[in-house]
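Undergrad: Okay, here's what each chain looks like letter by letter:
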Amino acid sequence: MPIKENTNKNRTMRKIDPLQSLNSWDKKSRHQTIEHIIHGIFLLLGLIAVGCVLVITVYLVISGIPAIREIGLFDFLFGEEWASTAAEARYGILPFILTSIYGTLGAIVIGVPIGFMTAVYLSKLASPRVKSVMQSAVSMLAGIPSVVYGLVGMLVLVPGIRKVFDVPDGASLLAAIVVLAIMILPSIIKMSVTALDAVPKEYEDASFALGATPIETYFKVSVPAAKSGIAAAVVLGVGRAIGEAMAVMMVAGNVPNMPDSLFQSVRFLTTAVASEMAYSSGLQQQALFSIALVLFFFIMLINAALNFLLKREKE
Amino acid sequence: MLNQSLSKKRKGFELLMRTLMIASAILTAVLVVFLLVYVLLEGVPNITWELLSGKPSYLTERIGILPDIVNTIYIVLATMLIVLPLGVGAAIYLTEYASDRKIVGMIEYAAETLSGIPSIIYGLVGMLLFSNSMGTCLMAGALTLVIMNLPTIMRTTQESLKTVPQSYREGAFGLGAGKWRVIRTVVLPGCVDGIVTGCILSVGRILGESAALLFTAGFAHALNGLINGLASPGATLTVALYVYAKEQGEFGVAFAIAAILMILTVLINFAATFVQSHYTKRRRV
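In the order they appear, the protein sequences are chains A and B.
Here the working numbering is used: the first residue of the first sequence is 1, the next is one more, and so on.
Here the working numbering is used: the first residue of the second sequence is 1, the next is one more, and so on.
Among the hints, a few may not be true.
Straight-line alpha carbon distances no greater than 35 Å define the calculated DSBU-like cross-link-like pairs of lysine-lysine that follow [what the hints assert, rightly or not]: (1) Lys102(B) with Lys314(A); (2) Lys190(A) with Lys55(B); (3) Lys163(A) with Lys179(B); (4) Lys201(A) with Lys11(B); (5) Lys11(B) with Lys27(A); (6) Lys227(A) with Lys311(A); (7) Lys163(A) with Lys201(A); (8) Lys9(B) with Lys28(A); (9) Lys162(B) with Lys311(A); (10) Lys190(A) with Lys27(A); (11) Lys11(B) with Lys227(A); (12) Lys179(B) with Lys314(A); (13) Lys314(A) with Lys246(B); (14) Lys246(B) with Lys190(A); (15) Lys163(A) with Lys220(A); (16) Lys27(A) with Lys246(B); (17) Lys131(A) with Lys179(B); (18) Lys162(B) with Lys201(A); (19) Lys9(B) with Lys220(A); (20) Lys220(A) with Lys201(A); (21) Lys201(A) with Lys227(A); (22) Lys227(A) with Lys8(B); (23) Lys227(A) with Lys9(B).
Here are the computed distance ranges between Cβ atoms for each label pair [to be verified]: (24) Val156(A) with Asn228(B): 53 to 63 Å; (25) Thr33(A) with Glu170(B): 19 to 29 Å; (26) Lys311(A) with Gly252(B): 44 to 54 Å; (27) Gly135(B) with Val61(A): 21 to 31 Å; (28) Lys8(B) with Asp75(A): 55 to 65 Å; (29) Lys163(A) with Glu247(B): 17 to 27 Å; (30) Gly176(B) with Val61(A): 48 to 58 Å; (31) Pro85(B) with Thr33(A): 15 to 25 Å; (32) Glu81(A) with Lys8(B): 52 to 62 Å; (33) Ser5(B) with Ala304(A): 43 to 53 Å.
Simulated from the structure, these hints should not be mistaken for lab results.
For glycine and all other residues, C-beta sits at the position ideal for the given N, C-alpha and C.
All chains, full assembly: derive it from the sequences and hints.
TA: In structure tokens form, the structure reads like this:
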């Protein structure tokens, strides 16, 4: 709109002094070129994120496919033995897949009820003061580096499990589940609180007016109204748990066993990549890339679910 | 009074849910306090001047974390310097320029995807993309972190760009300013809070990152200048913590680093809350 006005002005100016108007018209078009260039630069900057996703996907697929092709998709995904350094190397990642699934499920089973209950409390019952203090505590929990969780897990949780359950080694699936449950708490609490806070006050008022107690209202009216947001919180927690590497590497024992019991030393998809990357080469390294590809596939599924839920929550 | 008229079943539900909620909240609070106190109690006594100011030496069998601290600072600086213009620029494109809903949707979906990718995958791709071409070095680590932190900067900047009133822009356009000039002089100053918050969050994430750095930046403990440092491998504090705890069994040093990281986490959280509340207050006025 402003540009149009200016050209009009130019036209009147040209009548007065041709030389000056030519000059200013020149300036105008130079100005417009500069605006176009700047627009182009910003477009490029905006597309960087898209480029990154494409590059990551392409790189993972290209480097992950060769090993799967050589080992065979079925043998790779459902092979029960991983012995990458043995004389006759075996590359079956079923133990890692199952461990990642069990570990994530375990973390969800422990973490979601605690996080959900805390979120309802913070959103509905807590005084503003308690709420703000607790929210900064939860942010704090989210900000703690994963290696610190791993360190505390190694020195508190692992010996604790050894003593309490009287097993030879506490570094186990159970230790990893507990650490993961704590690590996903902040994501679940934060997102659920946001969803619960967004429930319209009228819903709750209507429920009060019908004679429901506050607690009944919160659980039978507010929670169902916020269910997409809470579901998104759980999915976010799943994503966090399945992608965590360092903390799990420090407490899970890191032996490629099938996860037959809670007290078994196990290896996750993430830790499988991390623990052998440093010294691997050839087919072994390619197999690690394939594991990353499988992990990436899981993450993309979770992302799609999360996006779907968030979109529904917005509506 | 009201409660007395409730049936037993409803009373039971009421009591059960209330107890569960309060118990969960207390458990969460206790966890945070325990983690903080435990790490600080175990770590702070191990923080000595010698540890902070020296580098590891096999001759004297002394461990120093100065190189790790310096490496962390380098990597934070390098990452932020690169990611800030990229992220802020992308956010400006999305809110100020983009008119095509499809492109906006695509970019936003890409940013969400990026923020969901686990750091170990970033580490792997960073290794393939950067370390294979420039060698394992801090710069390769920083570039990996740039991709990781791009969505954070984009999102916080975008959110605060949306709060800059449309009338400001219209006023500046009305005075005859071009688009770029409006962005430079009116829009950008109005979203400083978002940029600052994004920076704080990103710095926090960089400080805590380890899986993405293990194979891109390596784990050397050499003390270098900025340029040399970026070109050579080095461990940040978190990677050093991992190496000392898991590979070398030096738990005292590991806890000292953990305590330092905890203190930094607390500071960063306070800074983020402060910036946000400070600017919301000012905006309301």
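Undergrad: Checking against the hints above, which ones are violated?
TA: The structure conflicts with hints 2, 3, 5, 7, 8, 10, 13, 15, 16, 17 and 24, although it agrees with all the remaining ones.
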